[in-house]
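With the hints as extra help, turn the sequences into a complete structure.
Sequence lines, in order, name chains A and B. So the number in the numbering used here is just where the residue sits in the first sequence, counting from 1, plus 24. So the number in the numbering used here is just where the residue sits in the second sequence, counting from 1, plus 24.
FYI, nobody ran anything at the bench for these hints, they're computed from the structure. Please note: incorrect hints may appear among the correct ones.
[Unchecked claim] Straight-line alpha carbon distances no greater than 25 angstroms define the calculated SDA-like cross-link-like pairs of lysine to any residue that follow:
no., chain 1, residue 1, chain 2, residue 2
1, A, Lys26, B, Val266
2, A, Lys26, B, Pro263
3, B, Lys26, A, Val266
4, A, Lys26, B, Ser264
5, B, Lys26, A, Ser260
6, A, Lys26, A, Pro64
7, B, Lys26, A, Gly193
8, A, Lys26, B, Arg261
9, B, Lys26, A, Lys240
10, A, Lys26, B, Arg268
11, A, Lys26, B, Ser260
12, B, Lys26, A, Ser264
13, A, Lys26, B, Ala267
14, B, Lys26, A, Pro263
15, B, Lys26, A, Arg268
As the structure is a prediction and not an experimental result, all values here were calculated from the model.
Listed below are the residues making up each chain.
Protein chains: 2
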Amino acid sequence: MKGRVYLVGAGPGDPELLTLRAARVLREADTVVHDRLIHPAVLEHARPHARIIYVGKEGGGDSVSQEEIHVILIAQALLGRRVVRLKGGDAFVFGRGGEEALALEEAGVPYEVVPGITAGTAVPAAAAIPVTHRGISGAVTFATAHRGGTPPDWDFLARAQTLVLYMAGHRLEETAHALMTSGRAASTPAAVVEAGTWEHQRVVEAPLGRIAEQVKQEALGSPSLLIVGEVVSLRSRLPSLVARG
Amino acid sequence: MKGRVYLVGAGPGDPELLTLRAARVLREADTVVHDRLIHPAVLEHARPHARIIYVGKEGGGDSVSQEEIHVILIAQALLGRRVVRLKGGDAFVFGRGGEEALALEEAGVPYEVVPGITAGTAVPAAAAIPVTHRGISGAVTFATAHRGGTPPDWDFLARAQTLVLYMAGHRLEETAHALMTSGRAASTPAAVVEAGTWEHQRVVEAPLGRIAEQVKQEALGSPSLLIVGEVVSLRSRLPSLVARG
Numbered sequence: 025m026k027g028r029v030y031l032v033g034a035g036p037g038d039p040e041l042l043t044l045r046a047a048r049v050l051r052e053a054d055t056v057v058h059d060r061l062i063h064p065a066v067l068e069h070a071r072p073h074a075r076i077i078y079v080g081k082e083g084g085g086d087s088v089s090q091e092e093i094h095v096i097l098i099a100q101a102l103l104g105r106r107v108v109r110l111k112g113g114d115a116f117v118f119g120r121g122g123e124e125a126l127a128l129e130e131a132g133v134p135y136e137v138v139p140g141i142t143a144g145t146a147v148p149a150a151a152a153i154p155v156t157h158r159g160i161s162g163a164v165t166f167a168t169a170h171r172g173g174t175p176p177d178w179d180f181l182a183r184a185q186t187l188v189l190y191m192a193g194h195r196l197e198e199t200a201h202a203l204m205t206s207g208r209a210a211s212t213p214a215a216v217v218e219a220g221t222w223e224h225q226r227v228v229e230a231p232l233g234r235i236a237e238q239v240k241q242e243a244l245g246s247p248s249l250l251i252v253g254e255v256v257s258l259r260s261r262l263p264s265l266v267a268r269g
Numbered sequence: 025m026k027g028r029v030y031l032v033g034a035g036p037g038d039p040e041l042l043t044l045r046a047a048r049v050l051r052e053a054d055t056v057v058h059d060r061l062i063h064p065a066v067l068e069h070a071r072p073h074a075r076i077i078y079v080g081k082e083g084g085g086d087s088v089s090q091e092e093i094h095v096i097l098i099a100q101a102l103l104g105r106r107v108v109r110l111k112g113g114d115a116f117v118f119g120r121g122g123e124e125a126l127a128l129e130e131a132g133v134p135y136e137v138v139p140g141i142t143a144g145t146a147v148p149a150a151a152a153i154p155v156t157h158r159g160i161s162g163a164v165t166f167a168t169a170h171r172g173g174t175p176p177d178w179d180f181l182a183r184a185q186t187l188v189l190y191m192a193g194h195r196l197e198e199t200a201h202a203l204m205t206s207g208r209a210a211s212t213p214a215a216v217v218e219a220g221t222w223e224h225q226r227v228v229e230a231p232l233g234r235i236a237e238q239v240k241q242e243a244l245g246s247p248s249l250l251i252v253g254e255v256v257s258l259r260s261r262l263p264s265l266v267a268r269g
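Below, the structure written as structure tokens:
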């Protein structure tokens with residue numbers, strides 16, 4: 025019997041933002057291999073006897089390397105198991121799902137991709153910020169400030185009508201500085217959302233020139249998302265959503 | 025009794041890509057107000073006696089105006105009903121959800137937003153294209169070629185590492201031309217996906233310089249999404265996903 029791997033996006037945090045398909049493949053899974061930012065209620069869709077393997081990185085601690093994750097997925101599938109590889113957000117949006125798909129492809133292991141809601145759309149929404157809005161923004165760019173290899177193209181990112189930066193926490197001051205150096209006005213509305221869509225979500229809003237200081241003052245932690253652009257100002261006109269956030 | 029409106033994203037098409045929350049609010053709805061690109065199986069979550077109001081635009085025909093939609097939502101809520109405003113994708117990503125939220129806010133009608141999976145992430149995935157990939161693309165930009173008001177900033181869009189263009193069908197030739205005139209190489213890998221994640225999904229892949237001709241030759245229709253960038257070339261290395269698409 026040959027197993028199968030499902031690369032599943034669990035969405036931004038809120039367990040009700042799981043898709044019906046993700047819930048189904050979790051119910052059918054023999055093995056669940058998951059990252060750090062998965063809500064405990066999501067794992068409850070798995071059967072009581074499913075094997076749960078945690079491969080996430082604790083703050084600052086050691087993590088399971090990407091190559092080790094590939095080995096685990098392939099080994100579990102070769103044992104004939106239905107394996108759910110569960111990731112925060114969507115596997116193909118800053119989720120390294122492409123690398124895992126390539127590894128499974130090379131190993132000849134059958135696999136599927138189950139899309140999830142990426143934080144870049146749901147987290148701004150949870151903070152009462154539409155990432156696009158007629159007459160205000162007709163384009164949105166997702167990028168990450170925290171990434172191995174080549175540095176972000178700040179000249180490009182500074183010109184984004186709406187910019188959503190994943191994993192913004194670590195280098196927020198550098199990021200804001202880089203955007204302003206590349207021409208983005210210090211007065212541009214900006215917001216940082218900690219733990220978006222989770223029960224303990226927090227939002228800080230300030231102009232780009234003061235956002236890092238404000239976030240520091242209110243001691244926001246990770247995971248966090250930075251949103252830059254005129255759309256952030258819509259927040260003040262949507263008080264009902266702010267109240268729910 | 026005061027009603028409530030739920031601005032719900034139904035996801036890209038595949039009815040299993042609905043979220044658990046969307047399915048729940050549909051089950052509880054008295055009225056469902058929906059657009060054209062909603063899979064019939066999604067509407068089946070609603071109760072048999074729920075009132076279903078269709079406000080979509082048929083190809084070329086008349087459509088219900090945005091203002092009329094606001095009036096319908098407000099009137100239904102004022103009758104004390106639980107109203108689901110169901111949209112393809114996500115309400116806040118080219119979905120005019122912000123406008124509806126503002127209208128409800130002004131009318132004093134309670135409302136919530138239920139995020140959905142936007143086509144920009146799920147449709148490329150269904151075509152075996154990760155929109156980001158380590159070493160290939162660290163940013164993705166979503167825009168639309170078909171939008172009232174100000175024209176797209178082609179200079180900016182031409183520089184996007186990965187560009188995903190919604191509603192690309194109508195003006196594909198103009199769009200490809202505009203991107204190349206703004207400096208994007210004609211050899212850049214590109215793909216157009218018709219009806220992504222639906223049963224009748226079709227994909228055409230060709231370099232940017234030839235994509236419009238190829239799409240015309242294969243007579244792809246709407247809705248369609250254009251993806252431009254090196255990530256498109258990953259498709260050839262993920263044959264298992266291509267086979268499923």
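- Query: Which hint numbers doesn't this structure obey?
  - Reply: 6, 7 and 9
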